[in-house]
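Chemist: Under the working numbering, think of the first position of the sequence shown as 3, with each following residue one higher.
Hint data in this document are derived by calculation from the structure and do not stem from the laboratory.
Incorrect hints may have been included.
[To be verified] Straight-line alpha carbon distances no greater than 27 Å define the calculated DSS-like cross-link-like pairs of lysine-lysine that follow: (1) K146 with K228; (2) K188 with K172; (3) K180 with K257; (4) K77 with K64; (5) K146 with K77; (6) K213 with K228; (7) K161 with K188; (8) K228 with K168; (9) K64 with K168; (10) K228 with K274; (11) K269 with K243; (12) K172 with K228; (13) K257 with K172; (14) K257 with K213; (15) K161 with K180; (16) K243 with K65; (17) K65 with K168; (18) K172 with K161; (19) K257 with K269; (20) K146 with K172; (21) K168 with K188; (22) K228 with K269; (23) K65 with K161; (24) K80 with K64; (25) K228 with K64; (26) K228 with K65; (27) K269 with K146; (28) K257 with K228; (29) K80 with K146; (30) K274 with K64; (31) K274 with K80; (32) K180 with K228; (33) K146 with K188; (34) K257 with K188; (35) K80 with K228; (36) K188 with K228; (37) K65 with K80; (38) K246 with K180; (39) K80 with K22; (40) K257 with K274.
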Amino acid sequence: MSSEPNFTAEEYLDSVLFSKNVNFIIVEGPFDRALYTEAYETLSGLTDLDLSNHEVIFGGGKKSIHDWYNLEEPKNAKCIFDRDFDFGDYNLPDDFYVELERYSIENYFFDSSVFYPQLRLSLSMTNERIEELISLDTLIDNWKLTTFPLMAALYYYQKIYESDNKEGWKVEFLCQNKSYELCQEKIDNMVSALLSEMGVTLADCVVEFEKTNIMEDCVSVNFPGKLLFESFYRYIRNTCKEIKPDSTACMTNSKVFISQLVPRLIKNTNFKDKLLQAV
Numbered sequence: 003m004s005s006e007p008n009f010t011a012e013e014y015l016d017s018v019l020f021s022k023n024v025n026f027i028i029v030e031g032p033f034d035r036a037l038y039t040e041a042y043e044t045l046s047g048l049t050d051l052d053l054s055n056h057e058v059i060f061g062g063g064k065k066s067i068h069d070w071y072n073l074e075e076p077k078n079a080k081c082i083f084d085r086d087f088d089f090g091d092y093n094l095p096d097d098f099y100v101e102l103e104r105y106s107i108e109n110y111f112f113d114s115s116v117f118y119p120q121l122r123l124s125l126s127m128t129n130e131r132i133e134e135l136i137s138l139d140t141l142i143d144n145w146k147l148t149t150f151p152l153m154a155a156l157y158y159y160q161k162i163y164e165s166d167n168k169e170g171w172k173v174e175f176l177c178q179n180k181s182y183e184l185c186q187e188k189i190d191n192m193v194s195a196l197l198s199e200m201g202v203t204l205a206d207c208v209v210e211f212e213k214t215n216i217m218e219d220c221v222s223v224n225f226p227g228k229l230l231f232e233s234f235y236r237y238i239r240n241t242c243k244e245i246k247p248d249s250t251a252c253m254t255n256s257k258v259f260i261s262q263l264v265p266r267l268i269k270n271t272n273f274k275d276k277l278l279q280a281v
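Let's have the full structure, built from the sequences with the hints guiding it.
Modeler: Okay, here's the thing in structure tokens:
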């Protein structure tokens with residue numbers, strides 16, 4: 003896979019049309035592109051998968067990719083979509099896209115097959131011993147207690163609310179200061195902002211959300227992973243520090259921790275299969 007300078011989503015999509023001999027893997031955003039590029043490089047290095055004629059690009063989100071595909075119908079591209087709350091609800095050919103089985107790529111970081119190998123290095127312990135000492139149960143219980151109203155509002159915003167000028171959200175994480183626990187005030191503020199933009203009540207959102215079976219999945223699977231990752235990082239760092247005080251020297255911040263985990267994403271067999279399906 004070649005290393006290219008950063009372009010806009012429109013420029014990347016244009017490159018698909020101009021480079022007919024290259025097979026493109028389209029992901030949604032620029033941060034996704036960085037993650038998928040490294041994941042594919044790791045996969046290629048550990049297998050006989052030849053990706054020399056493949057390039058990972060980003061298309062600027064599902065709507066942009068959807069509109070572009072229906073206009074151009076390219077034959078040399080395939081897309082990997084975050085599941086979000088869509089569950090395959092696209093007006094696109096099945097052979098054009100692969101959909102993750104979690105809300106986003108970040109949600110795969112919460113899988114023990116991905117983060118245990120990194121902790122094995124930090125703690126100098128076997129996976130079996132780490133499994134005895136570290137569980138996400140306490141963390142996920144905290145997430146369950148606080149995320150339902152926000153999940154209902156996000157579902158309504160993404161699937162029911164129609165607007166050409168959605169403001170989206172700028173929140174990067176929902177933790178309390180210096181704690182892994184989610185901050186109720188931050189969550190309430192985010193819910194209020196979404197409700198204000200949509201002009202609906204939380205009750206309206208809950209009615210629509212409860213028509214789905216989304217809550218049957220764990221919150222670590224069906225809630226935006228980007229909003230939970232800082233909480234996850236702090237929980238893991240604090241837990242490791244309690245077990246072995248000098249074990250967190252390399253976990254300086256959440257961005258560093260992401261960079262350590264990305265090459266291990268292919269340890270999750272479901273994610274690995276999704277990568278292979280898109281080639």
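Chemist: Is K180 close enough to K228, meaning Cα to Cα at most 27 Å?
Modeler: 18 Å, holds
Chemist: Given the proposed pairing of K228 with K64, does the C-alpha separation stay at or below 27 Å?
Modeler: 17 Å, holds
Chemist: Sort out whether K180 lies within 27 Å of K161, counting only the CA atoms.
Modeler: 34 Å, violated
Chemist: For the pair we were handed, K257 and K228, check the Cα-Cα distance against 27 Å.
Modeler: 11 Å, holds
Chemist: Within 27 Å, alpha carbon to alpha carbon, are K172 and K161?
Modeler: 19 Å, holds
Chemist: Take the C-alpha atoms of K80 and K64, compute the straight-line distance between them, and say whether it is at most 27 Å.
Modeler: 13 Å, holds
Chemist: Given the hint that K257 pairs with K188, test it: the Cα-Cα distance must not exceed 27 Å.
Modeler: Holds, at about 21 Å.
Chemist: Does K243 pair with K65 here, judged by a C-alpha cut-off of 27 Å?
Modeler: This hinted pair is violated, its Cα atoms lying about 43 Å apart.
Chemist: Would you mind confirming whether the straight-line C-alpha gap from K257 to K213 stays at or under 27 Å?
Modeler: 36 Å, violated
Chemist: Is K257 within 27 Å of K274, Cα to Cα?
Modeler: 22 Å, holds
Chemist: When you check the alpha-carbon spacing of K161 and K188, does it fall within 27 Å?
Modeler: 23 Å, holds
Chemist: Checking one constraint from the list: CA of K274 to CA of K80, max 27 Å. Satisfied?
Modeler: 16 Å, holds
Taken one by one, the earlier hints fail for this structure at numbers 5, 14, 15, 16 and 29, listed in ascending order.
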